[in-house]
Amino acid sequence: MEMMSHPVSSEPDENLTIECPHINHFNRLESPRWLKGFRTGVPLTNRTRYEILTEDKVSLTIRNVSAEDEGLYTCWLTVMFNNVKYNVSRTWKLRVLSPVTRVPVTKAEAATKSGDVTLTCSSLVIKCKAMVDQRSPDIAELTWLVDGQLLDRSYLHGRAFQEIRVSSDHVEALLVFPEVREEDTKARLSCVAQNGSGKQEVVIRITLEDSMWTWLVVALVGSSFFMLVVCVLLHLLCRQQRKHNYLLARQNSTF
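For the sequence shown, counting from 1, position 23 maps to 23 in the UniProt record's numbering; every step adds exactly one.
Rather than coming from a laboratory, the hints here were simulated on the basis of the structure. Since the model is a prediction, treat every value here as computed from it, not as a measurement. You can trust all of the hints, since none of them are fake.
Derived EDC-like pairs (lysine to aspartate or glutamate); straight-line CA-CA distance at most 16 Å:
1) 129 to 163
2) 129 to 201
3) 127 to 163
4) 93 to 163
5) 57 to 19
6) 36 to 51
7) 129 to 141
8) 57 to 30
9) 186 to 147
10) 93 to 68
11) 127 to 172
Model the full structure from these sequences, guided by the hints.
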């Protein structure tokens, strides 16, 4: 049977806690074990960087997470059910976020009702979040699709990347554009959330705010105002000229 792992991520130099869920539902024959890897992984023990709790709350805390901590972590337990021993396990795949993937904060508006995103800077981060039901063992899996294809197989391969963040109550998928191009406005971006109960898809599109149009509008308004001022000045000059000619005519007339 193919191994199934649950994604989890952490930034460097932070503390990460992984909790083994529903552990109290089993008739345990021994204390749970934590392995770095899968079945044949390296057993983990309480030491400087690891803290393991095995009582009411079975959890593993990794202090000062670094790139070397990436990989699989397994909670392994032997239980008794109907007088038969079973091995129960749950595996996480840890990804350490690189500082290089941090994108400068950009001014991006939230998605509108029509699913559009308005961008006013050269970079963009689109967030997709799925809430997690604490009572359910199923964790939602989030992924971004570009025109119905996975990001690595789309035209955005090498230009944009996806970042997954998992917390106790939600899963978040970030679609990061270090630089947005005009061709990206034609792409159909969809965030797909899926678990054992089904899946849901949200579609958005990117809309670029072109600064050239803004300056064009300003130029048109400025030109219109300038022409209005010129017309007013010409009108006043014509009125003064007509009044001056009328006075000259009266002076040359006899009563």
